[in-house]
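Spelled out from the first residue to the last, the chains are:
2 protein chains.
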Amino acid sequence: MIKAEILTIGDEILIGQITNTNSVWIAQQLNLAGIKVAHMASVADEENAITKAFNDAAERADFVFITGGLGPTKDDITKKIFANYFNTTLVMNEDVLKEVTDYFTKRGRELNDINRLQAMVPEGCTIIRNTNGTAPGMWMKKNNTVFVSMPGVPYEMKAMMSDLILPKIISENVLAHIYHKTILTQGVGETVISELVEAWEDALVLKNIQLAYLPQPGSVRLRLSSYGKDLIALQKNIDEETEKLKPLIGKYIFGYENYGEETPTLEFIVSELLRERKQTLALAESCTGGYISSLFTAIPGASEVFKGAVVPYTNLSKHELLQVDNSLFTTVGSVSQKVVEQLAKNVMKKFGSDYSISISGIAGPNGGTPEKPVGTVWVAVANKEKLLTHKFQFGDNRQRNILMTAAAAMNMLRKLILNLP
Amino acid sequence: MIKAEILTIGDEILIGQITNTNSVWIAQQLNLAGIKVAHMASVADEENAITKAFNDAAERADFVFITGGLGPTKDDITKKIFANYFNTTLVMNEDVLKEVTDYFTKRGRELNDINRLQAMVPEGCTIIRNTNGTAPGMWMKKNNTVFVSMPGVPYEMKAMMSDLILPKIISENVLAHIYHKTILTQGVGETVISELVEAWEDALVLKNIQLAYLPQPGSVRLRLSSYGKDLIALQKNIDEETEKLKPLIGKYIFGYENYGEETPTLEFIVSELLRERKQTLALAESCTGGYISSLFTAIPGASEVFKGAVVPYTNLSKHELLQVDNSLFTTVGSVSQKVVEQLAKNVMKKFGSDYSISISGIAGPNGGTPEKPVGTVWVAVANKEKLLTHKFQFGDNRQRNILMTAAAAMNMLRKLILNLP
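As you go down the protein sequences, you meet chains D and S in turn. To convert a position in the first sequence, counted from 1, into our numbering, add 172. To convert a position in the second sequence, counted from 1, into our numbering, add 172.
Please keep in mind that the hints were generated in silico from the structure rather than gathered at the bench. Check each hint, because a few of them may be wrong.
Any copy, or any two copies together, can satisfy a pair, since identical chains are not distinguished.
[What the hints assert, rightly or not] Derived lysine to any residue pairs resembling SDA-like cross-links, with alpha carbons at most 20 Å apart:
hint: 1; residue 1: K517; residue 2: E492
hint: 2; residue 1: K224; residue 2: M312
hint: 3; residue 1: K517; residue 2: L488
hint: 4; residue 1: K208; residue 2: L488
hint: 5; residue 1: K521; residue 2: L559
hint: 6; residue 1: K544; residue 2: S475
hint: 7; residue 1: K270; residue 2: G567
hint: 8; residue 1: K224; residue 2: D234
hint: 9; residue 1: K208; residue 2: Q189
hint: 10; residue 1: K175; residue 2: Q189
hint: 11; residue 1: K175; residue 2: K224
hint: 12; residue 1: K563; residue 2: P389
hint: 13; residue 1: K556; residue 2: M584
hint: 14; residue 1: K208; residue 2: H349
If we strip away everything but chain D, and leave its shape as in the complex, we get:
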């Protein structure tokens, strides 16, 4: 299997000024092409650091993808070090000079001496054309490792990579493939899942499959990966193992992310279920404060399935807007089964929706009592026939409680729509 390394050059990553999205994108493209990324590094604009990174990468990788440090200003030194590393010098490349000149002429601008330096490249390197800018890409081989140097400007790098570099690599190499599938779960933490699937997990190594747990507040993703020459066989292998999870943790699985697709979110899955059924949703969210509403309305075309929400953050507004009996606040309190039942029924009526979710809880960090500590949350989901409620006990962290409540509530609704237990 071909191994790659991604190397980012520039201080702006190291001082935390920008997030390294170039590396993420390159890693995705390489994985899709069946090239394994073995290492990623970010180094400063310093000669020793860059040279050391080149040497280390050559030991680990067949291909090294370098971004950044190719600009015409003085702090960009990659090209000089690149030439030194290959024991060569920078020479003026007439083809590149013509392209840089054309680039400026087209835009009605004069070429100055600094721009002209863009056409200086290491002698003997293969030029990768930059169709979106002036700094050319460079491809050079030393021993068994190919080094590809690209500009750090994302759209220049991406065009170069997609249109020229990847096709060149794929055409020159017979590549192995990687296949991924991710199982999305909600309801229990990763340790519970790992106990439930232990025997299955232990057997994966014999099937050449790797498993990774990817937890986030309210849900855990299980990613299966496998490498090989035959993509169809990889897919079959992983699909078979995925199938075996259903009897083990099926009730926690809410979806799958297939190879090359975006991760489907719970709100997207629920929205699609409603859209297929031409049904609609309304929300009464007290302790989540509009967060679930913002998730549903972030989806283009939300208005087809989403009628609206009330965030009744006070007892007065629970009564005034959604007709919760005032007597309940003094008897059972606003964080109670009875209050979420009334909220769920009445918000559905008010908005004329087919389904509703209602939530009342204590997000924290303050407001808890011995009977109802911080993290106590009541959730109801309803349609015209059914009304289901559940009491959750989450932790102390406000933001986490909101995220966990949202995931739990949306999954309760998904199960109600699908009539699942």
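With the hints as your guide, set chain S onto chain D.
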């Protein structure tokens, strides 16, 4: 100057499944503390790769910050390799075991064997408490390099770093200082700002101050940084330059982030203004879909100033819940000045609040007309005496339109509270 390296362990970065935001955050914190980040790397969950990364880091850095690979599941192997690297073994730490047990007991859950493994740590390591989870941090020194291993879950790692690790490093070392101040603006883009401050910006280099523009949808932050031994002098220097911005771009400035503080968000600034005045807010947000409500309710203690919100995503619900005249929908349409005026007045009445924001617009990507293209948004802000409206024309991107509307609307409210033009 102290040198640091940031090391991320885990396949999910290398396959491009997640963006490495932990490293960005750690780099920011270290730079603030005057610690130079010399290198960043991401390696796979493989013993040889991790050991090589440890060895390389030890050559370059005084401190190595490691995240990831500490979970209790089988794919996480950092802890074992960490122990090997220090020629020691994993032993059960009774203090950590007690904390893990307490963590589970509090949540009414049973401790299983896998959870118990969290309390196994390399013999002789200094434990860094995890106040938000079960995997402890570990601090060990070899020769002249300190290795700090932290969990990869962002909020667990951040609390550990801010509350325990950075204070420990700062108290044990005499550091050169960096001083930052960030000016927060809303209302115009970075190119407009850079034209308005051009002469001021050109003079900064003589004062040993660096400027960075940090744009995000709806606001632009200007960060001033300066290095030196004398923190008081750095602060005075930067405060003087900040003061000079007021006549240039004062009407766009909504706040400042001082050294070592969190960036104050618009919702936080507005909440504090309301809290000081013991006044309250309610929202009627149609096209932003609950997003502004979720921002206000994410702040601990929100219920003191936030009464609630309605997301009236249909004409029916605008009429039914907030008594907008039905005739307006056929005459001027729901995205209009008259509708946001009625929404703002009526939502204030319904919730009994002192202030309100109302919003109606076309977030896109569909739903536009020649008269009201995608990105047309009407915003109203009101109190008992005043009602101000403004029409915005944003772009085609749904998510961006929601973010830009939220920033603009909250800044309109801030100005109303402060009686600013």
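Exercise. Give the relationship of K224 and D234 under a CA distance limit of 20 Å: within one copy only, between copies only, both, or neither.
Key: The answer is both: 17 Å in one copy and 18 Å across copies each meet 20 Å.
Practice problem: Please work out whether the CA atoms of K544 and S475 approach to 20 Å or closer within one copy, between two copies, in both situations, or in neither? | Solution: Between. Shortest inter-copy distance 17 Å satisfies the 20 Å Cα cut-off; intra-copy 36 Å does not.
Quiz item: Given a CA cutoff of 20 Å, do K224 and M312 count as a within-copy pair, a between-copy pair, both, or neither?
Solution: Intra 17 Å, inter 26 Å, cutoff 20 Å: intra-copy only.
Quiz item: How do K517 and E492 come out at 20 Å by Cα distance, when the copy is not named: within, between, both, or neither?
Solution: Cα proximity of K517 and E492: in one copy and across copies (15 Å, 16 Å).
Exercise. Go through the copies and call it for K556 and M584: within, between, both or neither, with a Cα cutoff of 20 Å.
Key: Answer is within: at 16 Å inside a copy they meet the 20 Å cutoff, but 41 Å across does not.
Quiz item: How do K175 and K224 come out at 20 Å by Cα distance, when the copy is not named: within, between, both, or neither?
Solution: both (19 Å within a copy, 16 Å between copies)
Practice problem: Classify it for me, K270 with G567: is the Cα-Cα distance of at most 20 Å met within a copy, between copies, both or neither? | Solution: between (54 Å within a copy, 18 Å between copies)
Quiz item: With identical chains treated as interchangeable, where does the CA-CA distance between K517 and L488 reach 20 Å or less: within a copy, between copies, both, or neither?
Solution: both (18 Å within a copy, 18 Å between copies)
Self-check item: Intra- versus inter-subunit Cα pairing at 20 Å for K208 with L488
Solution: neither (58 Å within a copy, 54 Å between copies)
Quiz item: Checking K563 and P389: alpha-carbon separation at most 20 Å within a copy, between copies, both or neither?
Solution: Within. Shortest intra-copy distance 18 Å satisfies the 20 Å Cα cut-off; inter-copy 38 Å does not.
Practice problem: First find the shortest C-alpha distance between K208 and Q189 inside one copy, then the shortest across copies, and answer within, between, both or neither for a cut-off of 20 Å. | Solution: The answer is between: 13 Å across copies meets 20 Å, while 28 Å in one copy does not.
Quiz item: Are the CA atoms of K175 and Q189 at most 20 Å apart within a copy, between copies, both, or neither?
Solution: between (29 Å within a copy, 18 Å between copies)
Hint violations for this structure: number 4 only, all remaining hints satisfied.
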